[in-house]
Amino acid sequence: MTNAPLDRRTLLRAAGLTTGATLATIAAAGPAGSAAVAASPAFRHGVASGDPLPGGILLWTRVTPTEEAQPGSGAGPEVEVTWQVAADPDFASVVRDGVVTTGPLRDHTVKVDVDGLAPGTTYWYRFGLRQDWSPTGRTMTAPAPDAAVDRVRVGVVSCANWEAGYFAAYRHLAARGDLNLVLHLGDYLYEYGTGEFDAGGTVVRAVRPAHEVLTLADYRIRHAHYKTDPDLRALHAAVPWVITWDDHEVANDQWAGGAENHTPATEGSFAARLAAARQAYAEWMPVRLGAGGSIYRRVRFGRLAELSMLDLRTYRSVQASGTAVDDPARTITGDDQMSWLKQGLVSSTARWKLVGNPVMISRLDVGTLPAWLLGPLGKLLGIPANGFAVNTDQWDGYNADRDELVDHLRAAGTKDVVFLTGDIHTSWANELVTRATGPGAPAAAEFVVPSVTSDNVDDFLGTSPGGPLSVLAAGIVRAANPHVRWTELDGHGYGVLDVTTQRCRMDWYHLADRTRADTAARWVAAWSVGTGSSKIRRESPPA
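With mature numbering (1 follows the signal peptide of the UniProt record, and there is no 0) applied, the sequence shown covers -29 to -1, 1 to 514.
Treat the hints as calculated values from the structure; they're not laboratory data. Take the hints with a grain of salt, since some may be wrong.
[What the hints assert, rightly or not] Simulated restraints on C-beta separations:
id: 1; residue 1: Ala412; residue 2: Ala371; range: 17 to 23 angstroms
id: 2; residue 1: Ala483; residue 2: Glu510; range: 20 to 26 angstroms
id: 3; residue 1: Ser240; residue 2: Arg487; range: 40 to 46 angstroms
id: 4; residue 1: Gly263; residue 2: Ser240; range: 17 to 23 angstroms
id: 5; residue 1: Ala246; residue 2: Gly26; range: 31 to 37 angstroms
id: 6; residue 1: Ser64; residue 2: Pro410; range: 52 to 58 angstroms
id: 7; residue 1: Asp59; residue 2: Thr434; range: 35 to 41 angstroms
id: 8; residue 1: Leu260; residue 2: Thr434; range: 20 to 26 angstroms
id: 9; residue 1: Ala58; residue 2: Ala246; range: 22 to 28 angstroms
id: 10; residue 1: Pro453; residue 2: Gly433; range: 42 to 48 angstroms
id: 11; residue 1: Ala246; residue 2: Gly433; range: 38 to 44 angstroms
[Stated by the list, open to error] The calculated DSSO-like cross-link candidates involving lysine-lysine, where the alpha carbons are at most 30 angstroms apart (straight line), are:
id: 12; residue 1: Lys506; residue 2: Lys313
id: 13; residue 1: Lys386; residue 2: Lys506
id: 14; residue 1: Lys313; residue 2: Lys386
Here a beta-carbon is modelled for each residue, glycine too, at the ideal position from N, C-alpha and C.
Build the full structure now, drawing on both the sequences and the hints.
Here's what the structure looks like:
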């Protein structure tokens, strides 16, 4: 969600993971190191891995074989690229290798779906072109579906706006050395032209291309520009990612047939823009796409956890307001994805059922909030100027789908469901309730991570982070919404999810200054949910 100018748009709507011993091995290996940050002449955009399976992993890179073969140029020769997977960082024991061909038809990107690997194992990988080797990446396969897994630790991020600051959140996560996975919940990049969405009115660093992205070449260049960030490259090289998209990978407030930030009269067919954005995404991201380009999928971590990743843009009805938000004919998931989600959560044999959820599912009642707070929150959360107390771009705009899902979980007695959410640039710990559950019997827990850099409440108010207005605003929101157990409206940063057999815990970390590449990060809060209960509890700082 963004603050696009009024004269142009409407106001924005507002793990190799088998046991604890595996984690010790990963921690001892340390982060991927400086080699992951440095870009080689042929491999300027780094390496990445994603979507771990018990016997496989998806590997990615982009090669620049000649200077003319720039991203989005459609130029340059076809070339053969070597890839290797090894059991050690020195590649003394190469266990899988091969050669793939790439060229301008796929923007010189390379994706290799490697199989035949051991479950729950750490590997190193690299790519080669002629005499040039890429940086070395480190990755992990998932454990066997029935493996006894003691712990999984996940870095959780969302909403990385290039012009609003530096990606220090990625640097801090890459330096930890204890993560099994990174979960990115959408808005990996933003579509705006320079100056259209920045840091409270200041462009920290200009994006490329300078204009709003519309064509296939535009989206390719924007993806490539993001992958010039050294902290982004370091985190991709350090650990596998599981990713889904939200709206800004195409255009603000996207729905199945259009977007708020798309004007057909001046910007052409939305279907053509969507096809261009999706093609560039498929080329540039370390993600497995299903039939027809579908992105919703599951990743399992033994008997401990199963992660269902959602797509809440491709199939949704156009945003609405008023009583239309209750219309059962409207959907945020689409019928097929809803059936897949319900069946998967209810039938899962994993202890924890995690849901990668791009937009907040917990209800947010804001009708009693004061005008000074409705202004910035309206921009952030999508509240129309006429005061409708609903965020129609999130699950609040699709009440029938939320009720259907919650009713299904309750009817089946499904417990230990945790929604992991991004999108609204702020930090929340919620209990999922509906009219059917009542306030005392939540159906699931929800942990919402802040933006990596995108504007939030203090940026809209023009106040200092953590100031009295923001503290007061958080208190008012909680008073109006008892199921919101905690919220912080100013911080930028990331979350670290720690999953064990007894509890699922989220720790929130905020950056000192998103506009500084070398900024520090500090722990601000932790909440957890225990097995058999959806009531969340505050936790102490991590050891």
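Cross-check of the supplied hints:
{"no.": "1", "hint": "Ala412 / Ala371: 17 to 23 angstroms", "in the structure": "holds (20 angstroms)"}
{"no.": "2", "hint": "Ala483 / Glu510: 20 to 26 angstroms", "in the structure": "holds (22 angstroms)"}
{"no.": "3", "hint": "Ser240 / Arg487: 40 to 46 angstroms", "in the structure": "holds (41 angstroms)"}
{"no.": "4", "hint": "Gly263 / Ser240: 17 to 23 angstroms", "in the structure": "holds (19 angstroms)"}
{"no.": "5", "hint": "Ala246 / Gly26: 31 to 37 angstroms", "in the structure": "holds (33 angstroms)"}
{"no.": "6", "hint": "Ser64 / Pro410: 52 to 58 angstroms", "in the structure": "holds (57 angstroms)"}
{"no.": "7", "hint": "Asp59 / Thr434: 35 to 41 angstroms", "in the structure": "violated (52 angstroms)"}
{"no.": "8", "hint": "Leu260 / Thr434: 20 to 26 angstroms", "in the structure": "violated (42 angstroms)"}
{"no.": "9", "hint": "Ala58 / Ala246: 22 to 28 angstroms", "in the structure": "violated (40 angstroms)"}
{"no.": "10", "hint": "Pro453 / Gly433: 42 to 48 angstroms", "in the structure": "violated (30 angstroms)"}
{"no.": "11", "hint": "Ala246 / Gly433: 38 to 44 angstroms", "in the structure": "holds (39 angstroms)"}
{"no.": "12", "hint": "Lys506 / Lys313", "in the structure": "holds (21 angstroms)"}
{"no.": "13", "hint": "Lys386 / Lys506", "in the structure": "holds (11 angstroms)"}
{"no.": "14", "hint": "Lys313 / Lys386", "in the structure": "holds (13 angstroms)"}
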